[in-house]
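Protein chains in written order, with our numbering: chain A, 1 to 291; chain B, 1001 to 1291.
In short, the hints are calculated from the structure, not lab data.
It is possible that some hints are incorrect.
[Said to hold, decoys possible] Far from chain A by the CB rule (all over 10 Å, computed), these chain B residues:
id, residue
1, R1177
2, L1226
3, P1256
4, G1283
[Stated by the list, open to error] Which chain B residues face chain A? A few, computed with CB under 8 Å, are given here:
id, residue
5, I1008
6, A1010
7, A1020
8, T1040
9, G1084
10, L1087
11, L1098
12, L1102
13, H1104
14, L1109
15, T1114
16, G1124
[To be verified] Which stretches of chain A does chain B cover? Using the computed rule of at least three CB atoms under 8 Å from a CB of chain B, they are:
id, segment
17, 104-113
18, 219-229
Virtual Cβ for every residue (Gly too), placed ideally from N, Cα, C.
These are the residues of each chain, in order.
There are 2 protein chains.
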Amino acid sequence: MTTESAFIAALRGLATHPAARGLDDDCAVLDIGGEALVLTHDMLVEGVHFLPEQDRADVAWKLVATNLSDLAAKGAEPLGVLLGYQLGQDDSRFLDGLHEVLEHYGVPLLGGDTVGGAGPQAMGLTALGRATHRPVPSRSGARAGDRLWLTGPVGGAMIGLEALRAGAGGDSMAYRRPMALLAQGWALAPQVTAMMDVSDGLLLDASRMARASGVTIDIDSAAVPLACPEQRRQEALRWGDDYQLLFTLPGNAQPPVPAHAVGRVLPDQGAALLVDGAPLPAGAALGFEHR
Amino acid sequence: MTTESAFIAALRGLATHPAARGLDDDCAVLDIGGEALVLTHDMLVEGVHFLPEQDRADVAWKLVATNLSDLAAKGAEPLGVLLGYQLGQDDSRFLDGLHEVLEHYGVPLLGGDTVGGAGPQAMGLTALGRATHRPVPSRSGARAGDRLWLTGPVGGAMIGLEALRAGAGGDSMAYRRPMALLAQGWALAPQVTAMMDVSDGLLLDASRMARASGVTIDIDSAAVPLACPEQRRQEALRWGDDYQLLFTLPGNAQPPVPAHAVGRVLPDQGAALLVDGAPLPAGAALGFEHR
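Chain A on its own, in the form it takes in the complex (with noise of 0.2 Å):
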């Protein structure tokens, strides 16, 4: 028996080409004709990445969307998508979604593989973008005497998943459709020191940008912008999904499209993470690990 964090470890000693920046939270960048090609790679499992329930378009929509993100968090320009699709229910809604998501970012299909097998449905996407900036933005550029700062609100998508669990008509927009903000990381692409997509919670994924930057990141909790009611500030503050791109900026450079600064880059404490200064319990939950 081996853990998922024991296989992706193992996986990670198999990684060790220069292009394989890094496994399951990073994509990969291959020099190409002088082009640096950006490569990443998602898959969605009924069940555990989507309700099954759910609305096949949505899900189309969110396994294209999310990998567009990890694209733009590298300022790349999106070149098209190969899909791995288990036939489940409601295909003909997947494709929908699908055929929505593409045209809305003028992304082309370029292939993939269709599967039956019974069991909860499984999916996966593959993108493939060509950097508009090099170096190539990465997790690992933070220097000390940054500034970090973030796109827009966190707390959207937690708020859209309990309107969609309740099924009250709340707007669950932020949770069932993310934006890719690939514009916003084309701009940003030339400027920062280091940047990511906000995936997995703001806390966890800064935390990451720490340890990968060899930094201490001091997040100023009453900076971050919510798109949740005040009183679930700590709970957004580790809920995922909201793909809002986490960058930095050398000390007093200004962003060259909207965002909001909520912390510091400090040189190393110790922890990875301080938050209003101070460092997180040991053991206290950040956001979603490995999901």
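Model the placement of chain B on the given structure of chain A, informed by the hints.
What follows is chain B alone, placed relative to chain A:
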């Protein structure tokens, strides 16, 4: 309810980009930075594409080797793979096989995603390569007057699967550890008029080549080399999983690698496929459709 073939037809309707040469049965070929990038994605589901009790090291091998075989048929040099992996039983054996196959072919693991989930295990692999010759060989270039060639015998995977199921110690390697004929593909790419790998059965794949090329292909069934007893020739022509390269060359040209002349290309006779000069009865099975 959407049938698998209707779903694939609808997906093809979405895959209108010129790089999307065919969905589910061909690679995408994308121009970038003066290079032609070749992309393929396959998905495997437990109970459909591999036996639940099958050694996961063999499953890993097959997942990678069959995708590399798609690259071989394009004369492409592999640049790397991305893995989508749902944790299941015996993940450490999967890692062993993955390590073996990547090392055997000298191909890097560039990235991927690991997910949880109950039910039959699903996994996907995206392989990308760089074309070594342009134009990149396709299945649509066969011309009347060409001869049809095959790099080696068929029927080995059929015998191998039987040996594996019988568990009697017979040689199951051809089924468990198919080879991607990369060097042969590189040598052939500059000379072939059409090329593909035989994954779903010689007759079925030859008929696909004929349809894509707008010609009729006449198979000389006695000339097809076998890796099984002679009395099983008819089955072997329809069995898949052997991953030989099937290609066409102008009339008198000799291939640069060992190969067997197994048929000829005729002007379109109505039927895509003839066997020994005669069309097959309507509805006759040619091989594995959409496994």
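Interface restraint verdict for A1020/B against chain A (beta-carbon cut-off 8 Å): 5 Å, holds
Quick check on G1084/B please, does its C-beta sit within 8 Å of some C-beta on chain A? Status holds, d = 4 Å.
With a cut-off of 8 Å between beta carbons, are at least three residues of the segment 104-113 of chain A near chain B? holds (count 6)
So, as I understand it, the hint says T1114/B touches chain A; can you test that by seeing if any CB pair is closer than 8 Å? 5 Å, holds
Identify whether the interface hint at L1102/B stands, where standing means a beta carbon of chain A within less than 8 Å of its own. Holds: closest Cβ of chain A sits about 6 Å from L1102/B, inside 8 Å.
Would you settle whether the hint for H1104/B is holds or violated, based on the nearest Cβ-Cβ distance to chain A being less than 8 Å? 13 Å, violated
Could you let me know if the closest chain A CB is still more than 10 Å away from the CB of P1256/B? Answer for P1256/B: holds, closest chain A Cβ roughly 26 Å.
Within the assertion that chain B covers the segment 219-229 of chain A, do at least three residues meet a Cβ-to-Cβ distance smaller than 8 Å? violated (count 0)
Once the closest CB in chain A is found, is it more than 10 Å from G1283/B? 21 Å, holds
Should the interface hint for T1040/B be scored as holding, given a Cβ-Cβ cut-off of 8 Å against chain A? 7 Å, holds
Would the stated hint for L1087/B survive a check requiring a Cβ distance to chain A of less than 8 Å? 6 Å, holds
Taking the closest Cβ pair, is L1098/B under 8 Å from chain A? Holds, about 6 Å.
Checked against the numbered hints above, the structure violates hints 13 and 18; every other hint is satisfied.
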